[in-house]
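Participant: Next come the chains, spelled out residue by residue.
Number of protein chains: 2
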Amino acid sequence: MNIQFKKGVLEICVLSVLARKDCYGYELVGEISKRIDISEGTIYPLLHRLKDVGYVTTYLQESAGGPSRKYYRLTEAGRKEEHEQKEEWMRFAASVNALLEGKNDAAD
Amino acid sequence: MNIQFKKGVLEICVLSVLARKDCYGYELVGEISKRIDISEGTIYPLLHRLKDVGYVTTYLQESAGGPSRKYYRLTEAGRKEEHEQKEEWMRFAASVNALLEGKNDAAD
DNA sequence: AGTAAGTACCTTGCATAGCAAGATACTGTG
DNA sequence: CACAGTATCTTGCTATGCAAGGTACTTACT
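Chain order of the listed sequences is A and B. Using the numbering used here, the first residue of the first sequence is number -19, and each one after it goes up by one. Using the numbering used here, the first residue of the second sequence is number -19, and each one after it goes up by one.
Hints listed in this document are in silico derivations from the structure and should not be mistaken for laboratory results. Hints should not be assumed to be uniformly reliable.
One copy or two, either will do: identical chains are not told apart, so a pair holds if it fits within one copy or between any two.
[Said to hold, decoys possible] With a straight-line Cα cutoff of 27 Å, these simulated BS3-like cross-link-like pairs (lysine-lysine) come out:
| # | residue 1 | residue 2 |
| --- | --- | --- |
| 1 | Lys60 | Lys83 |
| 2 | Lys66 | Lys50 |
| 3 | Lys1 | Lys83 |
| 4 | Lys66 | Lys14 |
| 5 | Lys14 | Lys83 |
| 6 | Lys31 | Lys83 |
| 7 | Lys31 | Lys66 |
| 8 | Lys83 | Lys50 |
| 9 | Lys(-13) | Lys14 |
Based on the sequences and whatever the hints tell you, model everything.
Facilitator: And the structure:
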């Protein structure tokens, strides 16, 4: 898988999963990896960025068989951002597809 | 437009346009910018990379109203790469869309 | 002649995000 | 007690895109 393709996209993936349910980092790796490989060295810095800009808040919760988990929850700003980034991704992907298919009319 | 989304994608865009016709750098900026913003500071290094790895060859051609143009032509390796990267992009985009739509079954 | 705009090529330095590799620490199993 | 699985984190590296700048040719206007 072309690593470069993932740049920026993993962020909207994380936001999108969190829009459906609160998750902890390790869980997110598993969820997203069903579709797209993502490593722990990517997810944790990403989650910290999202917290820094106020798209998520965190809370700790103990786990049965392991260390306690840090759950991430979307804020209202995060929910709005999720919506906007999703739309932007859709527009972008449509533009790329049009280019790859050789459609020359910008109205497509 | 999220700059990060373009990482890696502009390369397949360039290969795809060149698969249809030979182009010079300045022309490629115009062609691709119909759909996706791309700057000259991106295209020239990219074209040089493509030449270094043998996906394109170049030839000079004089121009009526300006300096001579350096045209880029896909090699066989470049054509094969165009095909493979296009398929990879399609798979990737489908994975992202599935994730954003919350489809949980990896069979989708 | 001089100057500006459009064409066409190029480079340098910066910002960003993903990853491999490693560190830390908790729990349950052999 | 060691090991595997869970769970968090950091450091150093890599790749790509961009802004900003430079060079040089041609045409049009003053």
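Participant: None of the hints should be skipped; say for each whether it holds.
Facilitator: Hint check:
In this assembly of identical chains, the alpha carbons of Lys60 and Lys83 lie at most 27 Å apart only when taken from different copies (21 Å versus 32 Å within one copy). With identical chains, the CA atoms of Lys66 and Lys50 are at most 27 Å apart within one copy only, with a shortest distance of 25 Å there and 38 Å across copies. Proximity of Lys1 to Lys83 under the C-alpha cut-off of 27 Å is restricted to the inter-copy arrangement: shortest distance 14 Å between copies versus 39 Å within a copy. In this assembly of identical chains, Lys66 and Lys14 lie within 27 Å of each other by CA distance both inside one copy and across copies; the values are 19 Å within and 22 Å between.
For the identical chains of this complex, Lys14 and Lys83 are inter-copy neighbours only, at 10 Å across copies versus 32 Å inside a copy, given an alpha-carbon limit of 27 Å. For the homomeric pair Lys31 and Lys83, the shortest alpha-carbon distance between copies (26 Å) is at most 27 Å, but the shortest distance inside one copy (40 Å) is not. Proximity of Lys31 and Lys66 under a CA criterion of 27 Å is satisfied intra-copy only: 19 Å inside one chain copy versus 35 Å between copies. For the homomeric pair Lys83 and Lys50, the shortest alpha-carbon distance between copies (25 Å) is at most 27 Å, but the shortest distance inside one copy (47 Å) is not.
In the homo-oligomer, the alpha carbons of Lys(-13) and Lys14 lie at most 27 Å apart both inside one protomer (18 Å) and across protomers (22 Å), since each shortest distance falls under that limit.
Checked against the numbered hints given earlier, the structure satisfies every one of them.
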